[in-house]
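The listed protein sequences correspond, in order, to chains E and H.
Just so we're on the same page, the working numbering is the position in the first sequence counted from 1, plus 430.
Just so we're on the same page, the working numbering is the position in the second sequence counted from 1, plus 430.
Treat the hints with care, since some could be wrong.
Remember, identical chains collapse to one label, so a pair may be satisfied in a single copy or spanning two.
[Said to hold, decoys possible] Simulated crosslink set (DMTMM-like; lysine to aspartate or glutamate; CA at most 25 angstroms straight-line):
1. Lys590 <-> Glu773
2. Lys590 <-> Asp601
3. Lys439 <-> Asp653
Simulated from the structure, these hints should not be mistaken for laboratory data.
Listed below, chain by chain, are the residues.
There are 2 protein chains.
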Amino acid sequence: MSDKGYLLKESDLLPLSIGAALLGTGGGGNPYVGMLRARELIRKGASVRVLPLDALPDDAWVGEVGGIGAPVVGVEKIEEGGECFRAMRAVEDAAGVKMSALISAEIGGSNSLEPVIAAAYAGLPVIDGDGMGRAFPEVQMTTFFIYGAQAAPAAIADEKGNIVVFKEVFDMFWLETFARSVSINMGGGAGLAIAPMAMEFVRRTAVPGTVSQALSIGHTVLDARAKRQNVVERVCRDTGATVFFTGKITDVRREVSKGFAAGHAHLAGVGDWAGSEARIAIQNENLVLWVDGVPVIMVPDLIVNLELDTGEPITTEMLRYGQRVAVIGLPVHELLKTPRALEIVGPHAFGYPELTYVPLKSAV
Amino acid sequence: MSDKGYLLKESDLLPLSIGAALLGTGGGGNPYVGMLRARELIRKGASVRVLPLDALPDDAWVGEVGGIGAPVVGVEKIEEGGECFRAMRAVEDAAGVKMSALISAEIGGSNSLEPVIAAAYAGLPVIDGDGMGRAFPEVQMTTFFIYGAQAAPAAIADEKGNIVVFKEVFDMFWLETFARSVSINMGGGAGLAIAPMAMEFVRRTAVPGTVSQALSIGHTVLDARAKRQNVVERVCRDTGATVFFTGKITDVRREVSKGFAAGHAHLAGVGDWAGSEARIAIQNENLVLWVDGVPVIMVPDLIVNLELDTGEPITTEMLRYGQRVAVIGLPVHELLKTPRALEIVGPHAFGYPELTYVPLKSAV
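Chain E extracted, bound-state conformation (with noise of 0.2 angstroms):
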């Protein structure tokens, strides 16, 4: 890589959306829809260079955007492209300053992709790395935020033509809190621009090199589908994830309240497992993965659900009966891990009092 970064390619597109699809934990929503969209843009003569943490000066501005929303509506409410575009130049306005880059809320799911699109429109580059190095399925939990990121201005569009400028916050929860109400009035999907951030406090706060490890994890899926391996195998190999389970999925229970999609999937073991039953529990994204009644996995770290035979990772909202999968477990970058980050981020945060986080040990 050189200190300018590099271009994203069309072909880089698919893999990309792979990766993020993995890295978004179950949630961050389907970025098939982004990713058609984001290469309409290139085909279409856009250009959307990705830039190291370290390219930039100092006090470049750099602008987070992200879709917000349930997952399970982004199905059937497709965005129209525009949102986080029209929102990102609404916090521009309120702000009075102009971005020089863009850089994504989450790596994980859609979100991944929402960045190049806004970037795309403003002919602007994006940052290689994120807020949550995965997806979190509110606000406050990025790095920028855990890290001292001003709650405003912030803004939020739809595809109707509506902007909502969030001029002065309390602070990050309120902020979460409104601009979910209001993606809830908008139909349960819509971008979310937050204030500027300088390109020193991103340096420091950013998970790194998270849209180049999204990248590096879709070619490695691509590449073991290609020499027809073992998908779920060549990944744990390639990227330090390991298999905490194997099994078929016997009752999913999911509902979208107040604009989450929340619930339980639970699984009877195969393979391995045979004999073992587990549960995770969902809010947008798989937040704890119990086995036998034993937690094995809890949030900051990723877990993930990969179709056992072809390696494709299943977003909550396409979990049914049936399904034969792999649970996977993926260290969650350390920025993630701090007793700060854990209060946002950490099992009490999501309503387990109960559980007590147990850094997951990377096998390699």
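Dock chain H against the given chain E, drawing on the hints supplied.
Just chain H now, with coordinates in the frame of chain E:
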């Protein structure tokens, strides 16, 4: 009244709040706390002038402000006082204009005082008129919006310092939707300011003279009390109102749902109405009066419950079993009876497709 209107005196605030409570038709929130706030500001030296609709030039900008929320919440969650002022300043910023005067969204209830309080903070006059000539529960139910006011930029502010700007909204119904849910997030009560309106537009569309009307009604009530007259009779004689029912409240069903106080009150007749029954539908305000199953007054005409003995207006959140009330009716202003207005504030708009609006005749 001179061309330049009149200064609001401390002694005007009690009669203004009494008249506003009556014009609130049971809703609009109790103006008592607002009266205390306005009195405090005037005692500290603030000076608020009431200007007739012809006092300012056509191109002066007028700001419409008002509280938004369920009146029943306002009983426990008392406004900090600066909410509407901060919302108005955010609208000025977003629109890039300065207001020359403020006007009430609704003269009925606490929103009679909100522009006075905001005007005292801002050093501005208020216009003698409003957008309803009464109170209504939803943002779009003003003559301003009915006759084409812009829905954006508008802004909402709370007591914690949160300010949300509706920068672009598709129409006034979307503004109501967004503002309602943010007001619920803000605890069920907040200050709302809408887009600047040119004085020429306000002159054509405001319900004229309603600040003075509320003052006059309040003076009538106070004078009748001082002279130990029957207040209900005196109010009817001096204001053109008619008694449509007298009775005792036998049941009140009321719930706060989606940010509104909604329900029904049932009454058993007394006096001339002994043996009859009445029912009043409520959505923050009194919407329809049925006597023995026949609808006799309906929105947009004014339905007001006065305590039978004292003539005190009873707001819907204060209705309770055993109260003895006179239900009086007052014709609404002609601006709210046009076909265009009835689409927004007629019985169909409130979910009574079976009711055809029949204008109330004035008794005088």
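Now the hints, each set against the structure:
Only between protomers do Lys590 and Glu773 lie at most 25 angstroms apart by alpha-carbon distance; the minimum there is 23 angstroms, versus 36 angstroms within a single protomer. In the homo-oligomer, the alpha carbons of Lys590 and Asp601 lie at most 25 angstroms apart only across protomers (10 angstroms), although the nearest pairing inside one protomer, at 28 angstroms, exceeds that limit. For the identical chains of this complex, Lys439 and Asp653 are intra-copy neighbours only, at 18 angstroms inside a copy versus 82 angstroms across copies, given an alpha-carbon limit of 25 angstroms.
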